[in-house]
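Q: Listed below, chain by chain, are the residues.
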Amino acid sequence: DAMVIQNPRYQVTQFGKPVTLSCSQTLNHNVMYWYQQKSSQAPKLLFHYYDKDFNNEADTPDNFQSRRPNTSFCFLDIRSPGLGDAAMYLCATSGIGSYNEQFFGPGTRLTVL
Amino acid sequence: EDQVTQSPEALRLQEGESSSLNCSYTVSGLRGLFWYRQDPGKGPEFLFTLYSAGEEKEKERLKATLTKKESFLHITAPKPEDSATYLCAVQAASSASKIIFGSGTRLSIRP
Chain P
1 DAMVIQNPRY
11 QVTQFGKPVT
21 LSCSQTLNHN
31 VMYWYQQKSS
41 QAPKLLFHYY
51 DKDFNNEADT
61 PDNFQSRRPN
71 TSFCFLDIRS
81 PGLGDAAMYL
91 CATSGIGSYN
101 EQFFGPGTRL
111 TVL
Chain U
114 EDQVTQSPEA
124 LRLQEGESSS
134 LNCSYTVSGL
144 RGLFWYRQDP
154 GKGPEFLFTL
164 YSAGEEKEKE
174 RLKATLTKKE
184 SFLHITAPKP
194 EDSATYLCAV
204 QAASSASKII
214 FGSGTRLSIR
224 P
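Protein chains in written order, with our numbering: chain P, 1 to 113; chain U, 114 to 224.
Fair warning: there could be bad hints in the mix.
Cβ pair distances, simulated, as ranges [said to hold, decoys possible]: (1) Glu-168(U) <-> Leu-113(P): 30 to 38 Å; (2) Ser-141(U) <-> Asp-62(P): 24 to 32 Å; (3) Lys-170(U) <-> Gly-95(P): 15 to 23 Å; (4) Leu-113(P) <-> Ala-123(U): 26 to 34 Å; (5) Glu-169(U) <-> Arg-109(P): 31 to 39 Å; (6) Lys-44(P) <-> Tyr-164(U): 24 to 32 Å; (7) Asp-62(P) <-> Ser-165(U): 14 to 22 Å; (8) Ser-40(P) <-> Arg-223(U): 15 to 23 Å; (9) Ser-131(U) <-> Ser-39(P): 44 to 52 Å; (10) Gly-82(P) <-> Gly-154(U): 17 to 25 Å.
Using 35 Å as the maximum straight-line C-alpha spacing, the simulated DSBU-like pairs for lysine-lysine come out as follows [stated by the list, open to error]: (11) Lys-181(U) <-> Lys-44(P); (12) Lys-192(U) <-> Lys-17(P); (13) Lys-176(U) <-> Lys-44(P); (14) Lys-211(U) <-> Lys-38(P); (15) Lys-172(U) <-> Lys-17(P); (16) Lys-17(P) <-> Lys-170(U); (17) Lys-182(U) <-> Lys-38(P); (18) Lys-170(U) <-> Lys-44(P); (19) Lys-182(U) <-> Lys-17(P); (20) Lys-172(U) <-> Lys-38(P); (21) Lys-192(U) <-> Lys-44(P); (22) Lys-52(P) <-> Lys-192(U); (23) Lys-38(P) <-> Lys-192(U); (24) Lys-176(U) <-> Lys-211(U); (25) Lys-155(U) <-> Lys-38(P); (26) Lys-17(P) <-> Lys-181(U); (27) Lys-38(P) <-> Lys-52(P); (28) Lys-44(P) <-> Lys-211(U).
So these bits of chain P aren't anywhere near chain U, every CB distance computed over 12 Å [to be verified]: (29) Val-12; (30) Tyr-33; (31) Phe-64; (32) Ala-92; (33) Gln-102.
Derived from the structure by calculation, the hints contain no laboratory data.
Using N, Cα and C, we set each Cβ at its ideal position, and we do this for glycine too.
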């Protein structure tokens, strides 16, 4: 089945220690997104790639970076995690067209000690 | 400013007790409205897309409807396995690929 895969599902890191989360997709979608979701809140868009074009949200901290080496993979790098960065990180994809539903992966739960 | 508001924040129902969840939106030209289901600790699962006022979509015990200002997710004779958070999101005509989420309705169905 075509899907969005995120690894790892759970990540524990120390305050200030860089961490990388990964996302891969078999849907062959052009657009890939990274969201941050905290408890009982809506997903918050951090950035997205339209093919290789990177689109950063204005309020995304510089501490968050992303890479998309090819169509299938996308990475979220948190350079110096703080306690406030503990959250669920969701990757999503969508196709190009007038109506593009987003399909989500299972998420990575990040804990910062 | 484009905005999505969901109500109620939380809803507890008895098994078999039908009800509706509301999603009100303000957007400069609606391209699409989406409903998602999210279970605890998991990513949102896509349910429906609605494109224009008057449109309806159904899946098992769920039916989504759309007007020019709001959408309803009707749940008929719910079962405990329908317990989840239901998220509504909209895509504006001016947005090539971004959607705006509401904060969700947390639905709990008691056996």
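Q: Next, verify each hint and record whether it holds.
A: Evaluation of the provided hints:
no.	hint	verdict
1	Glu-168(U) <-> Leu-113(P): 30 to 38 Å	violated, 48 Å
2	Ser-141(U) <-> Asp-62(P): 24 to 32 Å	holds, 30 Å
3	Lys-170(U) <-> Gly-95(P): 15 to 23 Å	holds, 19 Å
4	Leu-113(P) <-> Ala-123(U): 26 to 34 Å	holds, 31 Å
5	Glu-169(U) <-> Arg-109(P): 31 to 39 Å	holds, 36 Å
6	Lys-44(P) <-> Tyr-164(U): 24 to 32 Å	holds, 25 Å
7	Asp-62(P) <-> Ser-165(U): 14 to 22 Å	violated, 40 Å
8	Ser-40(P) <-> Arg-223(U): 15 to 23 Å	holds, 20 Å
9	Ser-131(U) <-> Ser-39(P): 44 to 52 Å	violated, 29 Å
10	Gly-82(P) <-> Gly-154(U): 17 to 25 Å	holds, 22 Å
11	Lys-181(U) <-> Lys-44(P)	holds, 25 Å
12	Lys-192(U) <-> Lys-17(P)	violated, 44 Å
13	Lys-176(U) <-> Lys-44(P)	holds, 26 Å
14	Lys-211(U) <-> Lys-38(P)	holds, 19 Å
15	Lys-172(U) <-> Lys-17(P)	violated, 45 Å
16	Lys-17(P) <-> Lys-170(U)	violated, 46 Å
17	Lys-182(U) <-> Lys-38(P)	holds, 28 Å
18	Lys-170(U) <-> Lys-44(P)	holds, 27 Å
19	Lys-182(U) <-> Lys-17(P)	violated, 46 Å
20	Lys-172(U) <-> Lys-38(P)	holds, 28 Å
21	Lys-192(U) <-> Lys-44(P)	holds, 30 Å
22	Lys-52(P) <-> Lys-192(U)	violated, 44 Å
23	Lys-38(P) <-> Lys-192(U)	holds, 27 Å
24	Lys-176(U) <-> Lys-211(U)	holds, 24 Å
25	Lys-155(U) <-> Lys-38(P)	holds, 12 Å
26	Lys-17(P) <-> Lys-181(U)	violated, 48 Å
27	Lys-38(P) <-> Lys-52(P)	holds, 28 Å
28	Lys-44(P) <-> Lys-211(U)	holds, 11 Å
29	Val-12	holds, 15 Å
30	Tyr-33	violated, 8 Å
31	Phe-64	holds, 17 Å
32	Ala-92	violated, 8 Å
33	Gln-102	violated, 6 Å
Hint check: violations occur at hints 1, 7, 9, 12, 15, 16, 19, 22, 26, 30, 32, 33; the rest are consistent with the structure.
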